[in-house]
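A.B. asks: Taken in order, these protein sequences are the chains called Z and P. Here our numbering runs 338 ahead of the position in the first sequence, where the first position is 1. Here our numbering runs 79 ahead of the position in the second sequence, where the first position is 1.
Simulated from the structure, these hints should not be mistaken for lab results. Note that CB positions come from ideal geometry on N, CA and C, so glycine has one too. Hints are supplied without guarantee of correctness; some may be wrong.
Chain Z is faced by these chain P residues, among others (derived, beta-carbon under 8 Å) [unchecked claim]:
id : residue
1  : 452
2  : 458
3  : 462
Covered stretches of chain P (in silico footprint by chain Z; criterion: 3 or more residues with CB under 8 Å from a CB of chain Z, positions within the stretch not fixed) [as the list claims (entries may be wrong)]:
id : region
4  : 200-207
5  : 347-353
6  : 397-407
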Amino acid sequence: MTDLSRIRNFAIIAHIDHGKSTLADRLIQLCGGLSEREMKQQVLDSMDLERERGITIKAQTVRLLYTAKDGIRYTINLIDTPGHVDFSYEVSRSLAACEGALLVVDASQGVEAQTLANVYLALENDLEILPVLNKVDLPAAEPDRIKRQIEEVIGLDASEALEISAKTGVGIEDLLEALVTHFPPPQGEVEKPLRALLVDSWYDVYLGVVTLVRVVDGEIRKGMRIRMMSNGLAHEVDRVGVMTPKGLEVDRLGPGEVGFLTSGIKQVADTNVGDTITDDRNPTTDRLPGFKPSVPVVFCGLFPVDASDFEALREAVGKLALNDSSFHYEMESSAALGFGFRCGFLGLLHLEIIQERLSREYDLDLISTAPSVVYKMWMTNGDYIELHNPVDFPEVTKIDRIEEPWIKATILLPDEYLGPVLALCTERRGEQTELTYVGNRAMVVYKLPLNEVVFDFYDRLKSVSRGYASFDYEIEGYREGDLVKVSILINGDPVDALAMITHRGQADYRGRQICARLKDLIPRQLFKVALQAAIGSKVIARETIGALRKDVTAKCYGGDVTRKRKLLEKQKEGKKRMRQFGKVEIPQSAFLEALKMGDD
Amino acid sequence: MVALYVHWPFCKAKCPYCDFNSHVREVIDHPRWARALAAETRAALAPYADRPDARIESIFLGGGTPSLMAPETVAAVIEAARATLPLAEDCEITLEANPTSVEAARFAGFRAAGVNRVSLGIQSLNDADLRFLGREHDAAEARGAIALAHRHFPRVSFDLIYARPQQTVAAWEGELDEALTLAGDHLSLYQLTLEPGTAFFTRARLGERMTAEEERAADLWLATQARMETAGYAAYEVSNHARPGGESRHNLVYWRSGDYAGVGPGAHGRVTDAGGGWHATYRHRLPETWLKAVEARGDGLAEQVPVSPEERRRELMLMGLRLAEGVPEARLRALTGAGFEALDARRLAALVDEGYVTREAGCLRASEEGRQRLDAVLGYLLD
Numbered sequence: 339m340t341d342l343s344r345i346r347n348f349a350i351i352a353h354i355d356h357g358k359s360t361l362a363d364r365l366i367q368l369c370g371g372l373s374e375r376e377m378k379q380q381v382l383d384s385m386d387l388e389r390e391r392g393i394t395i396k397a398q399t400v401r402l403l404y405t406a407k408d409g410i411r412y413t414i415n416l417i418d419t420p421g422h423v424d425f426s427y428e429v430s431r432s433l434a435a436c437e438g439a440l441l442v443v444d445a446s447q448g449v450e451a452q453t454l455a456n457v458y459l460a461l462e463n464d465l466e467i468l469p470v471l472n473k474v475d476l477p478a479a480e481p482d483r484i485k486r487q488i489e490e491v492i493g494l495d496a497s498e499a500l501e502i503s504a505k506t507g508v509g510i511e512d513l514l515e516a517l518v519t520h521f522p523p524p525q526g527e528v529e530k531p532l533r534a535l536l537v538d539s540w541y542d543v544y545l546g547v548v549t550l551v552r553v554v555d556g557e558i559r560k561g562m563r564i565r566m567m568s569n570g571l572a573h574e575v576d577r578v579g580v581m582t583p584k585g586l587e588v589d590r591l592g593p594g595e596v597g598f599l600t601s602g603i604k605q606v607a608d609t610n611v612g613d614t615i616t617d618d619r620n621p622t623t624d625r626l627p628g629f630k631p632s633v634p635v636v637f638c639g640l641f642p643v644d645a646s647d648f649e650a651l652r653e654a655v656g657k658l659a660l661n662d663s664s665f666h667y668e669m670e671s672s673a674a675l676g677f678g679f680r681c682g683f684l685g686l687l688h689l690e691i692i693q694e695r696l697s698r699e700y701d702l703d704l705i706s707t708a709p710s711v712v713y714k715m716w717m718t719n720g721d722y723i724e725l726h727n728p729v730d731f732p733e734v735t736k737i738d739r740i741e742e743p744w745i746k747a748t749i750l751l752p753d754e755y756l757g758p759v760l761a762l763c764t765e766r767r768g769e770q771t772e773l774t775y776v777g778n779r780a781m782v783v784y785k786l787p788l789n790e791v792v793f794d795f796y797d798r799l800k801s802v803s804r805g806y807a808s809f810d811y812e813i814e815g816y817r818e819g820d821l822v823k824v825s826i827l828i829n830g831d832p833v834d835a836l837a838m839i840t841h842r843g844q845a846d847y848r849g850r851q852i853c854a855r856l857k858d859l860i861p862r863q864l865f866k867v868a869l870q871a872a873i874g875s876k877v878i879a880r881e882t883i884g885a886l887r888k889d890v891t892a893k894c895y896g897g898d899v900t901r902k903r904k905l906l907e908k909q910k911e912g913k914k915r916m917r918q919f920g921k922v923e924i925p926q927s928a929f930l931e932a933l934k935m936g937d938d
Numbered sequence: 080m081v082a083l084y085v086h087w088p089f090c091k092a093k094c095p096y097c098d099f100n101s102h103v104r105e106v107i108d109h110p111r112w113a114r115a116l117a118a119e120t121r122a123a124l125a126p127y128a129d130r131p132d133a134r135i136e137s138i139f140l141g142g143g144t145p146s147l148m149a150p151e152t153v154a155a156v157i158e159a160a161r162a163t164l165p166l167a168e169d170c171e172i173t174l175e176a177n178p179t180s181v182e183a184a185r186f187a188g189f190r191a192a193g194v195n196r197v198s199l200g201i202q203s204l205n206d207a208d209l210r211f212l213g214r215e216h217d218a219a220e221a222r223g224a225i226a227l228a229h230r231h232f233p234r235v236s237f238d239l240i241y242a243r244p245q246q247t248v249a250a251w252e253g254e255l256d257e258a259l260t261l262a263g264d265h266l267s268l269y270q271l272t273l274e275p276g277t278a279f280f281t282r283a284r285l286g287e288r289m290t291a292e293e294e295r296a297a298d299l300w301l302a303t304q305a306r307m308e309t310a311g312y313a314a315y316e317v318s319n320h321a322r323p324g325g326e327s328r329h330n331l332v333y334w335r336s337g338d339y340a341g342v343g344p345g346a347h348g349r350v351t352d353a354g355g356g357w358h359a360t361y362r363h364r365l366p367e368t369w370l371k372a373v374e375a376r377g378d379g380l381a382e383q384v385p386v387s388p389e390e391r392r393r394e395l396m397l398m399g400l401r402l403a404e405g406v407p408e409a410r411l412r413a414l415t416g417a418g419f420e421a422l423d424a425r426r427l428a429a430l431v432d433e434g435y436v437t438r439e440a441g442c443l444r445a446s447e448e449g450r451q452r453l454d455a456v457l458g459y460l461l462d
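Let's have the full structure, built from the sequences with the hints guiding it.
C.D. replies: Printed below as a string of structure tokens:
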């Protein structure tokens with residue numbers, strides 16, 4: 339067990355591409371437990387997807403051993419944090435395991451919205467924050483300007499900010515020294531009953547569920563029985579260890595220490611991030627603060643493009659859920675898209691990541707319905723419903739009122755793009771609460787309905803700001819809204835997959851847009867196709883696709899029969915992918931395309 | 080009853096829109112081809128010899144360019160057929176002819192061999208379009224060929240190809256009017272279609288407009304139907320128009336799903352075996368391969384595949400609905416073991432509702448509206 343005074347626990351807060359992973363690699367290289375050979379670039383981002391997108395999805399951690407100028411060898415734990423707003427709860431729990439945080443800012447790019455949000459989370463967790471300007475070796479670096487920006491935008495004292503280049507190694511020695519001198523050691527008492535913070539967990543094919551913990555009081559030993567306080571599950575500890583970043587087994591973890599344990603836990607869903615782990619035989623009564631069960635915020639349907647992939651999809655979502663307790667799913671059947679799953683996510687990026695993993699790791703060709711948020715509905719008969727699928731929208735006359743989630747969105751951007759960004763926010767029913775300038779950068783804070791944001795807001799924001807705006811949000815609460823369900827009907831039959839819940843003011847526009855889109859996507863056929871958008875029985879938009887005028891083979895004699903017949907038989911095969919609406923058959927691909935297309 | 084199709088696989092040049100089995104050869108050994116075609120004709124018809132209605136209903140010499148055959152070859156084939164099975168009394172014997180290979184002496188020879196009907200590949204009556212279609216004749220030669228054909232044969236038909244890229248309805252109507260002054264009892268009017276493996280198809284894929292777009296194609300189609308109707312040439316099939324009694328009896332066998340023996344390279348046949356089973360026959364496509372096979376073992380059969388009653392139902396429907404007369408339920412039942420109950424009742428009702436199909440007096444017919452969209456109708460009905 340390590341003397342508390344010789345432990346430092348810290349996290350790195352940084353925007354994507356500002357060099358968090360490179361810095362972590364540099365630190366591991368200087369004082370970690372890996373040989374050169376094992377030192378793959380960017381060790382911390384282990385999933386391909388993470389490496390490619392530069393986003394850390396699952397927090398990981400590494401123990402560094404550093405002998406400081408005072409001659410003492412310190413144990414420094416770098417606790418990695420997920421890099422996105424959707425995981426802000428997970429970030430806050432990772433930060434709760436630390437006493438300090440490095441705020442890494444690109445010395446030419448400056449502060450971004452995401453960084454800001456995480457700094458606030460760190461401040462809420464009472465962390466010491468040390469600003470670090472990275473990439474000072476680049477010609478475009480302007481450390482003084484960025485320091486000023488840190489002081490003006492975030493309100494942090496940047497006078498002691500370090501100037502480093504994680505890439506070249508400049509300033510890294512000073513940074514290691516600063517970790518020891520600037521950040522306080524953890525506190526805790528080994529005699530008290532065990533209290534350990536569950537920081538993260540993941541599924542390992544060899545070890546089962548691996549749980550990352552920060553011990554606050556007491557100790558975790560191999561063979562002891564531990565208990566999860568949120569669900570009461572108790573298990574015997576099989577292994578205790580630290581990450582170097584390779585797993586290295588140790589006898590015990592004491593106060594202030596960070597490490598992993600394995601036990602008989604079968605699924606990741608039984609381990610809740612932020613939970614307090616205690617000694618089953620000598621439990622604490624004093625839970626660690628801040629625990630929240632994970633609640634999905636955004637939902638969508640995921641369907642295989644090829645119906646025969648359904649079983650493969652079932653298996654894949656099951657596997658993903660095994661390792662991601664914040665991902666929820668249940669089976670769904672759609673007349674337009676066949677069998678699939680209704681899935682719940684922490685946010686849009688989480689949704690995107692799951693989709694990409696399904697297509698990349700499981701080689702599944704998927705289509706997703708438009709994302710939906712969770713609506714709270716009070717019915718005239720006194721019932722209360724939480725609705726996350728437009729298909730389940732009740733009869734209008736039975737609804738008393740509907741509430742929808744609102745967010746507080748922070749957007750940082752070069753001021754030249756301010757006009758279109760403000761217009762976008764207004765168009766999405768936003769309410770401006772703040773607008774400040776720092777040099778030529780502007781920071782706007784808006785309150786926005788989440789359902790306006792899940793509907794391609796990111797893409798629009800990116801396009802109107804040419805990619806320069808950075809965006810972050812937090813859930814603000816629920817507000818009553820004038821919301822309606824817009825149904826899309828083909829020859830009078832509703833297409834479940836295209837139904838959407840929208841503000842009444844947007845309904846006409848959305849309805850017209852999707853009808854026009856379908857008109858382009860559905861090929862002319864034997865029968866006329868009527869496309870309608872409707873609220874209840876009131877039609878708000880319509881388009882008609884006329885019957886095709888001519889479609890007949892000119893020559894068909896004895897030598898052509900076989901080919902013609904086989905063509906028909908092939909068409910019949912193709913019809914398995916057609917969806918029936920009254921007399922007309924719509925290729926499933928038309929719905930897929932309608933769902934894929936952006937708002938353009 | 081059986082019809083006989085004989086394929087002559089050679090052309091002087093390959094037309095850029097044609098995907099038929101045709102080949103260009105410098106030298107053709109005509110006597111050798113005559114022997115081989117006659118031999119396979121005998122082999123193909125022999126199984127019918129002991130059947131109760133053993134007669135040849137019609138003979139059709141197609142290609143390729145059969146008017147490039149030596150009249151002796153045509154005679155040898157017809158003779159071989161007659162020697163194997165009796166010809167029906169009014170047996171229709173058609174030969175396809177190309178205006179460039181038309182000579183009076185040759186026509187006289189074909190007529191003497193027994194040919195009583197010619198079908199000329201005129202394709203257009205204006206020079207610009209003939210050049211576009213890659214034909215080696217001009218409009219004057221086309222007119223001459225038609226006139227010559229009328230002098231030698233009791234029945235003359237010719238083909239025109241329309242729905243060309245720049246063709247207007249007015250121009251086509253003018254051309255049709257001239258065609259009607261030249262016509263015998265039959266005209267085949269084909270909308271130009273792009274077939275994979277042809278030069279036109281490739282050019283279209285590379286972005287060139289090779290046919291009329293759908294709207295104009297539909298207008299041209301409607302104009303054609305109206306013109307021909309007025310002139311007394313009923314559209315008895317999608318692309319075929321005839322005066323009463325002028326229908327191609329041979330082609331009717333295909334459209335009515337009757338038996339036909341296919342002879343020559345790449346020829347398809349549909350034949351009933353002694354046990355009543357129906358089979359598709361396919362001959363070797365490459366002329367040299369076919370020739371060697373016939374010389375080695377008496378026929379050039381590449382493959383014989385049983386056609387199930389369900390497959391035959393599909394063939395019967397897809398061919399039969401091309402005809403104005405439609406598909407009589409009795410025929411469907413006799414040939415496939417089941418009547419209209421084998422079709423999807425709901426889909427059939429939808430087609431009837433929409434006016435694309437009529438069902439009267441035990442007969443299913445595609446209406447004019449339906450025939451114009453027949454591929455889509457069939458795709459929907461034969462799901």
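A.B. asks: Honestly, which of those hints from before does the structure not fit?
C.D. replies: As far as the earlier hints go, only 4 is violated by this structure.
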